[in-house]
Amino acid sequence: MPEEIKAHITGVVFQIAAKPGDRVAAGDAVIVLESMKMEIPVEAPRAGAVKEIKVQEGQTVQEGDVVAVLE
Amino acid sequence: MFGTVLVANRGEIARRVFRACKQLGLKTVAVYSQADRGALHVRDADTAVEIGGAAARESYLNAERILDAARQTRADAIHPGYGFLSESARFAEAVQRAGITFIGPRPDAIRRMGDKIEARRLMSSAGVSVLPGSSGAVADVAGAEAIAREVGYPVILKAAAGGGGIGMARVDKAPDLAAAFAAANRRAQAAFGTGDLYVERYLERPRHVEVQVFGDEAGAVVHMHERECSIQRRHQKLVEESPAPGLPAATKAGLTAAAVAGARAIGYTNAGTMEFLVDERGGFYFLEMNARLQVEHPVTEEVTGLDLVLAQLHVAAGEPLPWPQSAIVQRRAAIECRVYAEDPAKGFLPSPGTIQTLELPSGEGIRIESGIEAGSTVSVHYDPLLFKLIAHGATRAEAIERLAGALDHCVIEGVRTTIPFLRRVVASAEFRQGRVHTQMLEQGAFNA
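Going line by line, the protein sequences match chains A and B.
Under the working numbering, think of the first position of the first sequence as 1, with each following residue one higher.
Under the working numbering, think of the first position of the second sequence as 1, with each following residue one higher.
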């Protein structure tokens with residue numbers, strides 16, 4: 001079952017930490033957001049392979065936006 | 001004195017400096033990013049210049065744009081506030097080269113205090129005690145291991161170019177050192193452009209106590225007593241007060257003497273702060289020097305009745321310090337709370353958004369320094385400080401009662417704030433008894 005990973009805060013995409021095809025463990029950072037001078041990782045909720053990254057570095061995302069999809 | 005002062009900052013601190021300028025009859029210039037077009041600090045100034053995009057590097061960190069704005073408005077002095085370019089020696093130099101006065105210390109003092117290893121070495125040679133640790137940058141993990149073995153675990157790794165807790169890591173035992181070193185090195189490299197690290201012994205349950213210092217161009221240096229700033233999250237202060245409750249007289253005398261000696265050793269001019277850690281036995285160690293006006297300066301102003309920003313303007317204009325040491329007395333008690341757009345229920349995660357409702361307290365012994373109003377947008381691009389609430393009284397108990405009442409009267413809708421957390425701090429037995437240390441939050445104190 002594919003699973004969407006959503007941003008838990010509003011911020012600017014600071015870093016894409018995983019690319020499509022990468023295997024991640026639960027708790028691994030998939031992307032890192034920057035908000036109010038803090039870097040905040042958006043973590044994989046479970047282990048799996050990254051199917052799609054939906055954002056680019058520098059892009060602003062709102063809380064609840066889908067940033068990536070797990071296979 | 002100057003004719004026109006440009007403030008290279010935003011929010012409450014820009015407004016604070018404008019207020020002082022107006023008292024002296026000086027013209028004021030605001031700079032602002034596209035995100036701050038409707039901001040209060042822009043309206044406060046006589047003239048305002050848009051300097052670039054919302055991202056700080058395009059605007060408030062863009063030295064060229066700021067200098068262009070200063071030339072265009074014929075400003076003859078620039079106040080950097082805190083954060084942004086305030087501790088950039090290169091910016092201070094560029095300001096001077098443009099024939100404009102930088103309201104702050106000399107560039108070489110900024111540079112030497114900005115290099116935390118150099119600052120540690122300088123203070124040590126001025127007779128100020130520092131924590132046991134490396135005398136310079138450690139080249140690699142093996143070098144860090146050798147120092148850690150010598151001073152004993154736990155140790156803390158710190159970035160030479162550090163600040164704000166970035167690139168800092170506590171290491172409890174030797175097997176953890178390699179991974180912590182790599183991570184701290186990477187983070188320091190990304191944030192500061194240099195990955196240099198140094199090692200210090202890690203103190204358990206220390207207090208953070210700092211001393212306000214002030215120097216003038218003739219070489220006079222005074223201290224303005226201490227501030228207790230132990231309640232922190234991610235090495236960032238949340239509550240500050242003066243006098244520091246329960247600080248032994250000998251420790252206090254040692255701290256102020258060390259701060260003045262340290263400032264003299266580097267020929268420090270204008271306002272600065274020497275930060276120390278104080279251990280459970282009253283021993284103290286130099287942490288770093290902030291070569292600028294600090295967020296928590298109103299605490300010192302309320303306690304002493306003296307205006308630090310006015311003094312900054314006078315001293316930057318080449319005048320002597322407005323007060324001798326004997327006139328700087330702790331007459332009252334004052335406590336500051338920083339109200340941030342952060343959610344204390346979620347580990348202080350940022351909470352940007354639009355302020356829908358804002359009701360701020362007022363009354364005897366209450367001072368507010370705010371950069372926001374109802375309708376303000378709290379942007380992801382900047383520091384989350386919304387406003388500072390300062391309560392003061394004849395005694396600490398009176399200041400606490402006023403603070404508790406004021407916190408109960410704050411109403412903010414639209415973003416989550418640190419107010420629920422601050423109310424718990426002020427109600428706690430630990431805070432009321434002055435039993436505070438820098439690791440309280442990590443240890444779960446003040447949890448809901």
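Think of the hints as simulated: they come from the structure by calculation, not from any bench.
All C-beta atoms, glycine included, are put in the ideal place defined by N, C-alpha and C.
One or more hints might be untrue.
Counterexamples of contact, computed for chain A against chain B with all Cβ distances above 12 Å [unchecked claim]:
(1) Glu-3
(2) Ile-16
(3) Ala-18
(4) Lys-19
(5) Pro-20
(6) Ala-26
(7) Glu-52
(8) Gln-56
(9) Gly-58
A few chain A residues facing chain B, derived, Cβ under 8 Å [stated by the list, open to error]:
(10) Lys-6
(11) Ile-9
(12) Thr-10
(13) Gly-11
(14) Val-13
(15) Met-36
(16) Gln-59
(17) Thr-60
Evaluation of the provided hints:
Interface exclusion of Glu-3 of chain A from chain B stands, the closest Cβ pair being 21 Å apart, more than 12 Å. Every CB of chain B lies more than 12 Å from the CB of Ile-16 of chain A, the least distance being 14 Å, so the non-interface label holds. Residue-level check passed: Ala-18 of chain A sits 17 Å from the nearest beta carbon of chain B, beyond 12 Å. For Lys-19 of chain A, the requirement that its beta carbon stay farther than 12 Å from each beta carbon of chain B is met, with the minimum near 19 Å.
A cut-off of 12 Å between C-beta atoms confirms that Pro-20 of chain A is not in contact with chain B; the least separation is 24 Å. Here Ala-26 of chain A stays apart from chain B, with its beta-carbon at least about 18 Å from theirs, past the 12 Å limit. The claim that Glu-52 of chain A lies off the interface holds: its Cβ sits roughly 24 Å from the closest Cβ of chain B, which is beyond the 12 Å cut-off. For Gln-56 of chain A, the shortest C-beta to C-beta distance to chain B comes to about 15 Å, beyond the 12 Å cut-off, and the non-interface label holds.
The non-interface label for Gly-58 of chain A is inconsistent with chain B: the shortest C-beta to C-beta separation is roughly 9 Å, within 12 Å. For Lys-6 of chain A, the interface hint is violated, the least distance from its beta-carbon to any beta-carbon of chain B being 14 Å, above 8 Å. Restraint check, Ile-9 of chain A versus chain B: the minimum CB separation of about 5 Å is within 8 Å; hint holds. With a cut of 8 Å, the hint placing Thr-10 of chain A at the interface with chain B holds, because the nearest CB-to-CB distance is about 5 Å.
Proximity of Gly-11 of chain A to chain B holds as hinted, the smallest CB-CB distance being about 5 Å (cut-off 8 Å). Using the Cβ-Cβ criterion of 8 Å, the hint placing Val-13 of chain A at the interface with chain B is not satisfied: the shortest such distance is roughly 11 Å. Taken as an interface hint, Met-36 of chain A checks out: its beta carbon lies about 4 Å from the nearest beta carbon of chain B, inside 8 Å. Using the Cβ-Cβ criterion of 8 Å, the hint placing Gln-59 of chain A at the interface with chain B is not satisfied: the shortest such distance is roughly 12 Å.
The beta carbon of Thr-60 of chain A comes within 7 Å of a beta carbon in chain B, closer than 8 Å, and the hint placing it at the interface holds.
Going through the hint list in order, the structure does not satisfy hints 9, 10, 14, 16.
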